[in-house]
Structures are given as structure tokens and as C-alpha cells.
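Chains as they are written, first to last, in this note's numbering: chain A, 66 to 389; chain B, 433 to 850.
FYI, nobody ran anything at the bench for these hints, they're computed from the structure.
Mixed in with the good hints there might be a few duds.
Unchecked claim - List time: in silico BS3-like cross-link candidates among lysine-lysine, alpha-carbon distance up to 25 Å:
1) A/Lys-318 x B/Lys-580
2) B/Lys-588 x B/Lys-668
3) B/Lys-588 x A/Lys-318
4) B/Lys-517 x A/Lys-314
5) B/Lys-580 x A/Lys-314
6) A/Lys-100 x A/Lys-112
7) B/Lys-756 x B/Lys-441
8) B/Lys-490 x B/Lys-517
9) B/Lys-677 x B/Lys-622
10) A/Lys-345 x B/Lys-575
11) B/Lys-755 x B/Lys-677
12) B/Lys-736 x B/Lys-668
13) B/Lys-671 x B/Lys-441
14) B/Lys-651 x B/Lys-799
15) B/Lys-490 x A/Lys-318
16) B/Lys-660 x B/Lys-671
17) B/Lys-735 x A/Lys-355
18) B/Lys-588 x A/Lys-317
19) A/Lys-263 x A/Lys-314
20) B/Lys-456 x B/Lys-517
21) A/Lys-314 x A/Lys-345
22) B/Lys-580 x A/Lys-345
23) A/Lys-317 x A/Lys-345
24) B/Lys-580 x A/Lys-317
25) B/Lys-660 x B/Lys-677
26) B/Lys-755 x A/Lys-317
27) B/Lys-517 x B/Lys-580
28) B/Lys-575 x A/Lys-355
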Amino acid sequence: MALITYRDAINQAMAEELARDSDVFIMGEEVAQYKGAYKVTRGLLEKFGPERIIDAPISEAGFCGLGVGAAMMGLRPVVEFMFWSFCYVAFDQVINNAANIRYMSGGLINIPIVFRGPGNGGTNVGATHSHTPENFVANTPGLKVVCPSTPYDAKGLLKSAIRDNDPVFVMENTLLYGNQGEVPEDDYVIPLGVAEVKKEGSDISLVAHGRCAILCLEAAEVLAAEHGINAEVVDLRSIRPLDEDTILKSVKKTNRAVLVEENKPFCGVGAQICSIIQEKVFDYLDAPIKRVSSIDAPQIYSMPLEQQQIPNVERIVDTVLEIA
Amino acid sequence: MANIIEMPKLSDTMTGGTVVSWLKKEGDVVESGDILAEIETDKATQELECFDEGTILKIYIQAGGKAPCGQPLCAVGEKGEEAPKVESPTAAPDAEKAKPAPAESEKPKEEKVSPPKPEPKASKAPSATSSGRRTFASPLARKIAEDKGIPLEAIKGSGPSGRIVQADVIAAAQAGVKGIPAAAVPLEEKLTPVSTIREVIARRLLESKTQVPHFYLEKEVNAAPLLKTRVALNEKLKKLGQSIKLTVNDYILKASAEALRTVPAMNTSWEGENIRQHGAVHLSFGVALEDGLVTPVIRDAEKKDLVTISREARELIDKARAKKLTPEEMSGSTFTVTNLGMYGVNSFYGIINPPNAGILSVGGTFKKPIVDENDNIVIGHRMSIGISGDHRVVDGAVGALFLQALAENLENPAIMLV
Chain A
66 MALITYRDAI NQAMAEELAR DSDVFIMGEE VAQYKGAYKV TRGLLEKFGP
116 ERIIDAPISE AGFCGLGVGA AMMGLRPVVE FMFWSFCYVA FDQVINNAAN
166 IRYMSGGLIN IPIVFRGPGN GGTNVGATHS HTPENFVANT PGLKVVCPST
216 PYDAKGLLKS AIRDNDPVFV MENTLLYGNQ GEVPEDDYVI PLGVAEVKKE
266 GSDISLVAHG RCAILCLEAA EVLAAEHGIN AEVVDLRSIR PLDEDTILKS
316 VKKTNRAVLV EENKPFCGVG AQICSIIQEK VFDYLDAPIK RVSSIDAPQI
366 YSMPLEQQQI PNVERIVDTV LEIA
Chain B
433 MANIIEMPKL SDTMTGGTVV SWLKKEGDVV ESGDILAEIE TDKATQELEC
483 FDEGTILKIY IQAGGKAPCG QPLCAVGEKG EEAPKVESPT AAPDAEKAKP
533 APAESEKPKE EKVSPPKPEP KASKAPSATS SGRRTFASPL ARKIAEDKGI
583 PLEAIKGSGP SGRIVQADVI AAAQAGVKGI PAAAVPLEEK LTPVSTIREV
633 IARRLLESKT QVPHFYLEKE VNAAPLLKTR VALNEKLKKL GQSIKLTVND
683 YILKASAEAL RTVPAMNTSW EGENIRQHGA VHLSFGVALE DGLVTPVIRD
733 AEKKDLVTIS REARELIDKA RAKKLTPEEM SGSTFTVTNL GMYGVNSFYG
783 IINPPNAGIL SVGGTFKKPI VDENDNIVIG HRMSIGISGD HRVVDGAVGA
833 LFLQALAENL ENPAIMLV
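All chains, full assembly: derive it from the sequences and hints.
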């Protein structure tokens, strides 16, 4: 198996789907000639031509609406946001229209669109460029949202997203683009709504998605080495649909849970999972459920402060030690 | 002008009662004859009938509340009329504590406040210690402790704020607390509000035991003929297609009535300046209920035959258990019989039920060795009968005569058939 970066895994997923299905096309700001702000679309213009790799003006509401319309007509657009923070100017298209057209057409019109791009903080780009809107999206019936943490998951989930007949939001992370991981050469997909236990453990369940799953794996190593705590790491991969079974099975085994996410805490993904756990496996809990999230404030511009605002290994370890 | 409906005096010994439930609520239109509420009195639950017409303006004593006789329970008047204000009785603290009357749109929450409340399941791991403080335990620890039958109080918590966690329960189980089977639930300390019936029992028996000088006599009788006759008569009754089945107690009631006719000095009452000898035997007998004891009365028992007494006793017992005895059926006794034979008690002495001059206490029938008329030791069936007498009215000799007469009746049951 080849060792490739998260960036290249996404690139491969798009290239393979572009080659497999002529209805697939890529659109976004600087995705063609500039190869993407983070070079995720490198080589695609040369291979698939300007009709399928389309540079859009700086007008998210416009090109997102165009994407929704194209999807209504049967194409499979993959629309890139330079940052997920910029989706907010296109909310009517991505949240209102994309989510509701299938329902409001009585199931006659599907919207097989993918919106993708990085949605993360921790890069010192300020409050308006550091959003993690997966909880917004997951709160909307009709939308699906995945947050891959590894190159393998990124490729498999993006391919599933492109083939899915409903709007799927793929939220990547600029801090993960350079991470390497083993990715098979051959065609594979990861179904939406299936979590993965990235590390088996017996003492506590760390439930996370995206880069936080990677932080949890690091925290699990610290916990094992320094505190003798054998943590299990559940990587959600998909926020909606959510794999409740894997979460509940893990908590039933370990009897404790820490939910980790980069979202701000209020109405975050962890709040929803916390509710599910206490409702469905209350009698298996040996301690209150704890959450680690970004500190509840606009994204801090100061780099050292921002590093404390978003979840980090130390904070995860400290939170685990409060209840384990 | 609104009419106030007060706690009625439903029996001669009733000083107050408990509103068990309201059958009407504020705003309901009522007419004469409607049943407004159920009232628990001294010894029975009775219906509160309405004698007015109009709309229920206000309920002053909510379900579950107690009130002395004469205390306003509700007001009935013209719709829209303001209900008269009444003061809460100091003698009924429960009524004061009761929630304020609900607004018209609200349904009265009768079930929630009606006594008695169902006991929490004993098998549940208790969440509160005997001191009433909550024991903190994680849901998992609570569940494991319950499965293992370990009381949470026996476990020391190691979690934050002393919370008991899984590890503590497992440690306790390994340390030997595990020996407790699931059924061995620890004794629970609890407070039960005194019911009206219990209150009456307490007051009347305390009066009796402190004001009536009791003396006690006991006599053992040969119960063999009685047992034999009972079996024979029941077989005969069965053959005749009668549904009735005579009990030992029926014989004792009949025998007591006969003995009182023989020794009328025992059928008397202390009235301060006079001693009244009653012209009839109104025979009361104890019926144990879950929450107390009632004493229904068989009137003119000396005139009734065994089968009639048996029938009436059965009816009264059934009514007592259904709490449907009327005050009349429980008052006016001249003598009382109490029987603990069915509980395996050898002998005991009752507390006199005023204004009776005595109470008969009957123990169980046991096989024991006795010396017969030929000085042989044989197996006898022996029953102990005792009497507690009011020494103001009767002396030991009278009590002895009565026991003698009673013993003769019991040992020669055929006499009673005459």
C-alpha cells in the first residue's frame, strides 16, 4: 500500500471519480489554474480540462447556487470552499436549498452535490476564517456531513460522498493535509455513517471526529504510558448519519466517555452524543460524561492563545484524569 | 350566599377525619344528593353527601388533608360568587401544608396526594441513607450493587464527593459484603403518617389502659368436643347444600353470648354514678386489618342461633375488610371478644373496649398431655380463654363465674344448640 498524504488522498478520490463518471465536475475559487489554495486539485485541470475543472469568481452564493442547479439537472458537482468559513455567504444555497429540494419536490429531485474544503482553526487566520460548521450542517435534516481524520478515510469518504445522491458536506483540515497514511491503490469506498474504533481500549471511550480523533490517539498514548489508562478511541468519521451503535457499544464496554471536538461547546456535536449516551446506556455510566471542545469565544487571533483555545492533547489527558 | 360544607361528625367517637378524595372539583355544578368526597373517619371510609345546590366555589381541604369535625371542607354557592375565606385549622397541620387550591382550569391532583402512597420497591437499591441523605453513586455502580444485592450504604465511595463508582462496588463485593443475598434488603427506617384509624386506636386504648383498672383471669378448656361438633355440623350443613361454614370463632361468639346471659353481671358498664346492666348482649369482636383493628358488633347476640351469628359475623368481617362498616355497625357494644388463636398464640389478655366491663381473649387450640378422670396421661386438645375485667364494675369472682359458664358452653357445645 502506498504511503500518501491526506491532500493527495483527496486528490486521488476526485481524480478517480472524475474518470469514473463524466457527470462529476469540480468548481471553486482557484481550483483550476492555481491548483487550489491548498493544492488539493493539483493536476486535475491538465487531466480533465477546463470544462470539468472550473475556476469560479469570489462569489460563493453564486457558484454554490450554480452547483445546486447543476445537481438538480443530474450532474454531480464537487464544490470547493477555500475555507468552510466562507460557506456562510452561501447559506441560502448550501443549507436552505440543497437540504430541502428533495423533500419539497416530493422526492422527485435529488441534489447529488458535494461541498468540500477545510474547516478548522489553529492556523492563526482569525475569527472569520476558523469556523468548524459541522454542527450547523448536522442540525439540518437533509444534509450529510463527514469529517475524515486520515488519508485512508478522506479518500474513501469523499468517493462515497460523490456517489451519494444527497448533499454531502466533506470537512477537511488544513493541519491534516500534510499527514501521511497508507491508502490502497485500488478503488474502495467508506460508507457514510460508519464510525471506526481507531484504537481498542478498556478504561474510557474517547469519541472524536476529524483532527481531534488524531489528538485522541496521541492522548491515548500518554494515558497508557503515564497513567496506566487504556483508552479506546472512536473516530466518528461521519457526523450525520451518526453511528450510534459503535459509540454505545464502546461506552458499554468502558463505562466512561470523553467527547472531543473542535466545535465551540454550545450545541456542539458532543452535546448531541452526550444526550444519546445518557439516554440509551445510562446504567452503564460509571462517571459523568465529559466534553473537550474549543473554548467558547470567537476564534482568538493570538497564536499561543489559539493553541489553548482549540482542543489539545494535554487538555484531553487532563479531562480523562478527572473521571478515570 | 355561599354555603359552607363542614367535616361532618359521622360517628359518636369521631373528632376529625381525612379527605381521602374529592369526587367533585372546583367549578363543578352539584345538587342535593351528589357525593362530593370520600371521608376516612375513625374506622371507615364514608361518602360525603351534598345537601345544597349550586357550584363548588372553593375546596378548602385538599385530598389527603385532615380536618376536625366542623372545619369547612368546601363552599357551594352561585357560579361566579366569591368563596368565603376560612382560616386553616391549627389542629390539622396537614391541611395547612396541602397545596393551595388549584385554579379552575386545573384538575385536582387527587391521586398524587391521596394517602397511602405506594411503598417504593424494597428490592431497589435505596438511594437515601437512614439519615435521609442521598448516597451518591454512578448509574453503573448503582446497577451492579443492586444486582449483587449490596446496599449502597455499606459501600465507601472513592469518586468525587464520595461518589460510589464501579470499582468500589466490586471491592466491597470481594471484601465479603458480597455474602448478602439479593433478598436480604437492609432494614429501612421510615416515617408513616398516623392514619385516622390508628389515631383512634391509640387514643381509645390509651384511655382504657390508663383509666380502667384491669384484672386478668385465665382458664384452660377442653376444646375436643367443640372441634368434633364443628366438623360434624359443617358436614351436615354441606349435605344440606348450605354455603355457610362454621368457624371456631362462631362457636366462641355464641358461647360468649350464652355465658353473658348466664352471668349478666359481666354484661355491664361503669357510668360513674351508676353501673348499667345491659338488657341485651351486643357482642363486638376484633377484625384485624392491614392498617389497624376494627370491632363490628353483633346485636342481640343472646337471641341469635349459631348459624345466624356465623352469617352476621361473616358479613361484618367482609364489610370491615372493604372498609364499608357504618358507624352504627361499630358502636354500642356491651362485650368484646378477641381471638388470636389463628396466629398460634397460647394465651393473652386484651385491653378493655370501653364502656364494656370486660374483654374475652381466646388463644389457639393445642395438643398437650393431660391427666384424665382415670389418672391416665392422654392427649388433650386444650384452648386457653382469658378475661380482662374492669374492676370498678366487676370483681374477680364475677369474671371467674363468667369463664366457668363459658367453659361449660365450649366443652358441651350441644347446650348451645338448645
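Verification of the hints:
no.: 1; hint: A/Lys-318 x B/Lys-580; result: 19 Å, holds
no.: 2; hint: B/Lys-588 x B/Lys-668; result: 67 Å, violated
no.: 3; hint: B/Lys-588 x A/Lys-318; result: 24 Å, holds
no.: 4; hint: B/Lys-517 x A/Lys-314; result: 62 Å, violated
no.: 5; hint: B/Lys-580 x A/Lys-314; result: 23 Å, holds
no.: 6; hint: A/Lys-100 x A/Lys-112; result: 12 Å, holds
no.: 7; hint: B/Lys-756 x B/Lys-441; result: 17 Å, holds
no.: 8; hint: B/Lys-490 x B/Lys-517; result: 9 Å, holds
no.: 9; hint: B/Lys-677 x B/Lys-622; result: 41 Å, violated
no.: 10; hint: A/Lys-345 x B/Lys-575; result: 15 Å, holds
no.: 11; hint: B/Lys-755 x B/Lys-677; result: 23 Å, holds
no.: 12; hint: B/Lys-736 x B/Lys-668; result: 20 Å, holds
no.: 13; hint: B/Lys-671 x B/Lys-441; result: 47 Å, violated
no.: 14; hint: B/Lys-651 x B/Lys-799; result: 16 Å, holds
no.: 15; hint: B/Lys-490 x A/Lys-318; result: 57 Å, violated
no.: 16; hint: B/Lys-660 x B/Lys-671; result: 17 Å, holds
no.: 17; hint: B/Lys-735 x A/Lys-355; result: 82 Å, violated
no.: 18; hint: B/Lys-588 x A/Lys-317; result: 24 Å, holds
no.: 19; hint: A/Lys-263 x A/Lys-314; result: 14 Å, holds
no.: 20; hint: B/Lys-456 x B/Lys-517; result: 20 Å, holds
no.: 21; hint: A/Lys-314 x A/Lys-345; result: 11 Å, holds
no.: 22; hint: B/Lys-580 x A/Lys-345; result: 22 Å, holds
no.: 23; hint: A/Lys-317 x A/Lys-345; result: 10 Å, holds
no.: 24; hint: B/Lys-580 x A/Lys-317; result: 19 Å, holds
no.: 25; hint: B/Lys-660 x B/Lys-677; result: 14 Å, holds
no.: 26; hint: B/Lys-755 x A/Lys-317; result: 51 Å, violated
no.: 27; hint: B/Lys-517 x B/Lys-580; result: 56 Å, violated
no.: 28; hint: B/Lys-575 x A/Lys-355; result: 21 Å, holds
In this structure, the earlier hints numbered 2, 4, 9, 13, 15, 17, 26, 27 are contradicted, and the remaining ones agree with it.
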